[in-house]
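Whenever a hint applies, use it, and build me the whole structure from the sequences.
2 protein chains.
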Amino acid sequence: MIDECASTVLESAILLCDIGNTSLHFFDGKHTCRMSVEHFDTTVPQAKVYYINVNPELEAKLQERSNWINIKPYVETAKYYESMGIDRMMVCEAVDHGIIIDAGSAITVDIMDHKTYCGGFIYPGVSAMQQSYANISSRLNDSFNFELDLDKMPKNTKDSISYGFLRPLYTEVMRHNKPVIITGGDAARLHRLFKSARVDELLVFKGMKQMIPRIASC
Amino acid sequence: MIDECASTVLESAILLCDIGNTSLHFFDGKHTCRMSVEHFDTTVPQAKVYYINVNPELEAKLQERSNWINIKPYVETAKYYESMGIDRMMVCEAVDHGIIIDAGSAITVDIMDHKTYCGGFIYPGVSAMQQSYANISSRLNDSFNFELDLDKMPKNTKDSISYGFLRPLYTEVMRHNKPVIITGGDAARLHRLFKSARVDELLVFKGMKQMIPRIASC
Numbered sequence: 000m001i002d003e004c005a006s007t008v009l010e011s012a013i014l015l016c017d018i019g020n021t022s023l024h025f026f027d028g029k030h031t032c033r034m035s036v037e038h039f040d041t042t043v044p045q046a047k048v049y050y051i052n053v054n055p056e057l058e059a060k061l062q063e064r065s066n067w068i069n070i071k072p073y074v075e076t077a078k079y080y081e082s083m084g085i086d087r088m089m090v091c092e093a094v095d096h097g098i099i100i101d102a103g104s105a106i107t108v109d110i111m112d113h114k115t116y117c118g119g120f121i122y123p124g125v126s127a128m129q130q131s132y133a134n135i136s137s138r139l140n141d142s143f144n145f146e147l148d149l150d151k152m153p154k155n156t157k158d159s160i161s162y163g164f165l166r167p168l169y170t171e172v173m174r175h176n177k178p179v180i181i182t183g184g185d186a187a188r189l190h191r192l193f194k195s196a197r198v199d200e201l202l203v204f205k206g207m208k209q210m211i212p213r214i215a216s217c
Numbered sequence: 000m001i002d003e004c005a006s007t008v009l010e011s012a013i014l015l016c017d018i019g020n021t022s023l024h025f026f027d028g029k030h031t032c033r034m035s036v037e038h039f040d041t042t043v044p045q046a047k048v049y050y051i052n053v054n055p056e057l058e059a060k061l062q063e064r065s066n067w068i069n070i071k072p073y074v075e076t077a078k079y080y081e082s083m084g085i086d087r088m089m090v091c092e093a094v095d096h097g098i099i100i101d102a103g104s105a106i107t108v109d110i111m112d113h114k115t116y117c118g119g120f121i122y123p124g125v126s127a128m129q130q131s132y133a134n135i136s137s138r139l140n141d142s143f144n145f146e147l148d149l150d151k152m153p154k155n156t157k158d159s160i161s162y163g164f165l166r167p168l169y170t171e172v173m174r175h176n177k178p179v180i181i182t183g184g185d186a187a188r189l190h191r192l193f194k195s196a197r198v199d200e201l202l203v204f205k206g207m208k209q210m211i212p213r214i215a216s217c
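So the protein lines, in turn, are chains A and P.
Residues in the first sequence are numbered from 0 upward in steps of one, following numbering that gives the first Met the number 0.
Residues in the second sequence are numbered from 0 upward in steps of one, following numbering that gives the first Met the number 0.
Everything labelled a hint here was simulated from the structure, so no lab data went into it.
All values derive from a computational prediction rather than experimental measurement.
Among the clues, some could well be false.
[Said to hold, decoys possible] Each computed DSS-like pair below joins lysine-lysine, with the alpha-carbon atoms no more than 25 Å apart: (1) K78/P x K154/A; (2) K78/P x K151/A; (3) K157/P x K78/A; (4) K114/A x K47/A; (5) K208/P x K71/P; (6) K78/P x K205/A; (7) K154/P x K177/A; (8) K205/P x K154/A; (9) K71/A x K157/P; (10) K208/A x K60/A; (11) K194/P x K154/P; (12) K154/P x K71/A.
[Stated by the list, open to error] A partial selection of chain P residues facing chain A, derived with a Cβ cut-off under 7 Å: (13) A77; (14) L149; (15) L168.
All residues carry an ideal CB built from backbone N, CA and C; glycine is no exception.
Here it is as structure tokens:
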């Protein structure tokens, strides 16, 4: 998907952009598209771009562009905690009440209780966890079985690591007895296990969008 | 502790030995000691050594020594599953009823119900998990806080990864509502969280010891 950004998206009047270490993820209100940080020319979008960013190198370039507006200074960060990732704050902004799983390179789990942030935790993402097992032993170098029956204790190696990765996370998330919302690149895979969860791929953009009136009024 | 094997241990009449990829762990019925695989001379122990082994290279050498007796062929492996590690089988042999956590390079969790094996799962060990977070982001490159209050949702990065590693494991283990027994190199650290658990550093040797009458009668 990287570098297959539809020109129509980049030509929109207003854009939202979630910038990670390796890619930029745009949203024009209807469609999303991704570009790699490496190939991206910051002068291309003429529109106002409201963005969040965790890439310090790119940040310097964006500061030079007057149409790029960093959302972070407008976030009430006191609601969260100092070193919390801005992407986590944004998905929380989009949810009033529930437990939010953002399944990317890390799986972040955050709890919102009637608009109050209650804390959260960080679990390794799918590929980090797979690599972790592979590093322990070549016998554990296997992909995960997302079709696993979580109610059955495993009796083979593939299911033992799949259960080890997925069931503790599942048990802990469900313990909080709140609506579950899943977002991020691995949302669809996790949804196979969290069957009652709602998947929302646009959660981070929804949180960002809520910030715009606050920025406009400053 | 590696290579600090007391000569009194190696001079015992009967020895038990648990061989991993990098070290041999001996038990003479009273004391334990460790030696590195690299520096070990298989001709040193004159005693009968009942052993389990996951190191294929060393296995060839041990097969040449008539006083080294591999326990594995005497284990009723049908109780377990084909590819299950022999060390996991041995800790299970030592427990009639309970949930066993063996915290080494991997954390294996196995359930015994009135002498019947019910299955188990594999979770990454302390250093594998720490490395896993470090690989995701330098911001997550931190040691775990084992003094963490597991009943409080974290609001800082160190506790977010500590909780992410420890609480899902804790929640899943406790869900089974069985006596918890912890063994392995990180048993003491995990015991700080699993306060009601029993720690038994000799579990693998207790399982192995139970096998000896079976071998003698063959």
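Holds or violated: K194/P with K154/P, Cα cutoff 25 Å?
-> Roughly 24 Å separates the two Cα atoms, so the pair holds.
With a cut-off of 25 Å on the C-alpha distance, tell me whether K71/A and K157/P pass.
-> Holds. K71/A to K157/P sits at ~22 Å (cutoff 25 Å).
Compare the distance between the alpha carbons of K208/A and K60/A with 25 Å, and conclude whether the hinted pair is satisfied.
-> 23 Å, holds
Would you check the hint for K154/P and K71/A, treating anything up to 25 Å between C-alpha atoms as holding?
-> 18 Å, holds
Hinted contact L149/P with chain A - closest CB pair below 7 Å = 10 Å, violated
Mind checking the alpha carbons of K78/P and K154/A for me, to see if they're no more than 25 Å apart?
-> 10 Å, holds
For the pair supplied as a hint, K114/A and K47/A, is the alpha-carbon distance within the 25 Å limit?
-> 28 Å, violated
Given the hinted pair K78/P and K151/A, is their alpha-carbon gap at most 25 Å?
-> 16 Å, holds
Sort out whether K71/P lies within 25 Å of K208/P, counting only the CA atoms.
-> 13 Å, holds
Sort out whether K154/A lies within 25 Å of K205/P, counting only the CA atoms.
-> Since the Cα atoms of K205/P and K154/A sit roughly 23 Å apart, the hinted pair holds (cutoff 25 Å).
Assess, step by step, whether the Cα of K78/P is no farther than 25 Å from the Cα of K205/A, and give holds or violated.
-> 52 Å, violated
Taking only the CA atoms, is the gap from K154/P to K177/A under or equal to 25 Å?
-> 19 Å, holds
Of the numbered hints listed earlier, those contradicted by the structure are 4, 6, 13, 14.
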